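Colleague: Now for the letters of each chain:
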Amino acid sequence: MHYIVIIGGDKLENSTQVLKGILEGCILSIISKEETYGYELLIKLKNNGFKDMVEGTIYPLLLRLEKKELITSEKREEQNGMTRKYFHVTETGKKELNDFKIYWDTLYVNVNKILKE
Amino acid sequence: MKDPILNKLTGNYLIAQLDILSYLQSCNIPPNNKFSIEVEDDMRDMLLSAQENGTPISDIVGNDIKNFCEDIVQNYNNKRAKSLDILRKLNFDLCFLLLIALLIQVFEGSINLSIVVTFSLTWILYKYILNFFYKRLCLKFKGLKNKIICILLIFLGSVLCLFPIELIIIKYCDFRLNGYYVVIVCFLLISVVLMHAKN
Numbered sequence: 000m001h002y003i004v005i006i007g008g009d010k011l012e013n014s015t016q017v018l019k020g021i022l023e024g025c026i027l028s029i030i031s032k033e034e035t036y037g038y039e040l041l042i043k044l045k046n047n048g049f050k051d052m053v054e055g056t057i058y059p060l061l062l063r064l065e066k067k068e069l070i071t072s073e074k075r076e077e078q079n080g081m082t083r084k085y086f087h088v089t090e091t092g093k094k095e096l097n098d099f100k101i102y103w104d105t106l107y108v109n110v111n112k113i114l115k116e
Numbered sequence: 000m001k002d003p004i005l006n007k008l009t010g011n012y013l014i015a016q017l018d019i020l021s022y023l024q025s026c027n028i029p030p031n032n033k034f035s036i037e038v039e040d041d042m043r044d045m046l047l048s049a050q051e052n053g054t055p056i057s058d059i060v061g062n063d064i065k066n067f068c069e070d071i072v073q074n075y076n077n078k079r080a081k082s083l084d085i086l087r088k089l090n091f092d093l094c095f096l097l098l099i100a101l102l103i104q105v106f107e108g109s110i111n112l113s114i115v116v117t118f119s120l121t122w123i124l125y126k127y128i129l130n131f132f133y134k135r136l137c138l139k140f141k142g143l144k145n146k147i148i149c150i151l152l153i154f155l156g157s158v159l160c161l162f163p164i165e166l167i168i169i170k171y172c173d174f175r176l177n178g179y180y181v182v183i184v185c186f187l188l189i190s191v192v193l194m195h196a197k198n
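If you're matching them up, the sequences are chains A and B in order.
The opening residue of the first sequence carries number 0 in numbering that gives the first Met the number 0; numbering runs sequentially from there.
The opening residue of the second sequence carries number 0 in numbering that gives the first Met the number 0; numbering runs sequentially from there.
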């Protein structure tokens, strides 16, 4: 994934708004495919190459997405007696995800065009 | 089957959980607040999963826990919830003052103005000072024991700073008041606060 290299370069801090926006899009995409909980989401993002970039960002982003009503959560009791929160994407979230896909496709094409010049 | 031993955070994972909750409290988010309880449950689940799988704490809270806490607090910018918390605290203080005034009036026949002023002023100042310094120091004092020491140190410092002010108040506000009037004023203020909270 080229964009990880571009966005997460040494000169840019991981906490930039651009990266947060991209992470939000990725989180929405993962949750839209299947309901997920916080820790599982972290592991999925790490396994997809976001290893260093997800540090300390996932939970505040989940709170933000929930506050913006792009995702919703449901608490369930696990076998070990712990309560776990599972996230689902709302209709507004699905629309936001579609907007993100369009934004990302355009950005990807434009950045590549400039880099290849 | 529930296994309380398996559901416990230990070591640095427990310290991280305590740090986050302490920081929320220092930002005037009460521990019994819905947001606070939710964060506590979520963090426990995430940190416990990390502990069981050997995932570093930094993956969950990042390298700077203060930034992480600030990011969480930013999601609690609900003005309505904030003002309700302030009103709830104010009402609690007024009820406490009302109780003190009533007790003194019943047993002594009147209440000294200095008690009312000292109580109101120092109560507010102590809380403000405590929160102000605790927010800056709570993440430096790791673990429950050290956090209690931190609170005690700030409290002692506040007492030393405010003691001269209290002495001045006691000296210059030496007027006797009817405690029942103080109770009535407190009641009126509580009613106003409650009405404001409902709106």
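If you are wondering where the hints come from, they were derived from the structure by calculation, not from laboratory data.
Don't take each hint at face value.
As the list claims (entries may be wrong) - A short list of chain B residues far from chain A (calculated; beta carbon distances all over 12 Å):
| no. | residue |
| --- | --- |
| 1 | Leu-47 |
| 2 | Ile-71 |
| 3 | Val-105 |
| 4 | Lys-144 |
| 5 | Tyr-171 |
| 6 | Tyr-180 |
Claimed, not checked - Just so you have them, the derived chain B footprint on chain A, three or more residues with Cβ under 8 Å:
| no. | stretch |
| --- | --- |
| 7 | 25–38 |
| 8 | 84–94 |
| 9 | 99–105 |
| 10 | 108–115 |
In this text, all values refer to a predicted model and were calculated from it rather than measured experimentally.
Note that CB positions come from ideal geometry on N, CA and C, so glycine has one too.
Colleague: Checking each numbered hint in turn, tell me which of them this model violates, lowest number first.
Modeller: 1, 2, 8, 9, 10
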